[in-house]
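Protein sequence lines correspond, in order, to chains A and B. First residue of the first sequence? That's 42 in my numbering, and the numbers climb one at a time after it. First residue of the second sequence? That's 51 in my numbering, and the numbers climb one at a time after it.
Derived by calculation from the structure, the hints in this document are not laboratory data. Note that the coordinates shown come from a computational prediction; the quantities given were computed from them, not determined experimentally. A few of these clues could be false.
Taking beta-carbon pairs under 7 Å as the criterion, some of the chain B residues facing chain A (in silico) [stated by the list, open to error]:
| id | residue |
| --- | --- |
| 1 | 76 |
| 2 | 78 |
| 3 | 96 |
| 4 | 153 |
| 5 | 154 |
| 6 | 159 |
Just so it is clear, CB atoms sit at the ideal spot from N, CA and C, and this is done for glycine as well.
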Amino acid sequence: NAGVTQTPKFQVLKTGQSMTLQCAQDMNHEYMSWYRQDPGMGLRLIHYSVGAGITDQGEVPNGYNVSRSTTEDFPLRLLSAAPSQTSVYFCASRDLPNTGELFFGEGSRLTVL
Amino acid sequence: GDSVTQMEGPVTLSEEAFLTINCTYTATGYPSLFWYVQYPGEGLQLLLKATKADDKGSNKGFEATYRKETTSFHLEKGSVQVSDSAVYFCALFNSGGYQKVTFGTGTKLQVIP
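Please build the complete structure, drawing on both the sequences and the hints.
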C-alpha cells in the first residue's frame with residue numbers, strides 16, 4: 042500500500058520563485074492537511090481539507106495556497122517563495138470522523154535561497 | 051486554545067536504560083492523546099494512543115497512560131535499544147472546533163551502545 046505519497050522529496054528555490062508540492066493518498070481519506078516542521082517548533086498546520094472542494098486555513102497559512110479537486114490529491118502551492126519558507130513539509134491524511142490518527146507522507150525538504 | 055508541552059531534548063541514553071519522556075497538555079473537553087515517532091529521514095508514524103482518561107496505550111515496548119488529573123501522557127520504555135533512536139512527538143486530538151491535531155515540539159532520543 043502506498044499510503045500518502047509526497048513529491049518532490051527535495052527542492053531548492055530562489056526567492057520569488059513559485060512551486061507546487063504534490064500530495065496523494067490512496068486510503069480514501071476525507072481529511073488531508075499540510076504541516077511544516079521547523080527546529081524547536083514542532084509541526085504547525087498550514088492548511089487542511091475535509092473533502093473535495095473544501096479547504097480551510099490552519100495556524101500558518103500566509104504565503105501558501107491549496108485546492109482539493111479530488112479526494113486523492115491535495116497540492117500545496119508557494120506563489121512567491123521566501124527564505125522563511127525553508128522547512129520540511131509533511132502531508133497527512135485521516136478518516137472522518139475518527140479519533141485523530143494521522144497518516145503522514147515522508148516529507149518534502151524545501152530550501153529557499 | 052489547545053497546547054502540548056513536552057520535555058526538551060535531546061535525550062541521550064545507554065542501551066537498556068529506562069526511558070521517560072514527559073508530556074503535559076491543555077485542552078477543553080476530552081481529547082484523545084497520541085505519541086508519534088519520526089525515524090531519521092522519514093515521516094511521522096503513530097506509536098501509541100489513548101482515547102479516554104486512565105487508558106494505557108502500548109506498542110513496541112513503549113507505554114503511556116492518559117492521566118486527566120495531572121493532564122499528562124508520559125512516554126515510558128523499560129529498556130531502550132539503539133533502534134529506538136528517533137524524534138518523539140506528543141499530540142492531542144480534540145473533536146471540537148475544526149478537529150485539529152496539536153503537536154508538541156518533539157523530543158530527540160539518541161541511544162548509544
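Tested hints:
With its C-beta approaching chain A no nearer than about 15 Å, residue 76 of chain B sits outside the 7 Å limit, and its interface hint is violated. Interface hint at residue 78 of chain B: violated, since its Cβ lies 15 Å from the closest Cβ of chain A, which is beyond the 7 Å cut-off. At a threshold of 7 Å, the smallest CB-CB gap from residue 96 of chain B to chain A is about 5 Å, leaving the interface hint in force. For residue 153 of chain B, the interface hint holds, the least distance from its beta-carbon to any beta-carbon of chain A being 4 Å, beneath 7 Å.
The closest approach between the C-beta of residue 154 of chain B and any C-beta of chain A is roughly 6 Å, which is under the 7 Å cut-off, so the hint is satisfied. For the restraint placing residue 159 of chain B at the interface with chain A, the shortest Cβ-Cβ distance is roughly 15 Å, beyond the 7 Å limit, so the hint is violated.
Checked against the numbered hints above, the structure violates hints 1, 2 and 6; every other hint is satisfied.
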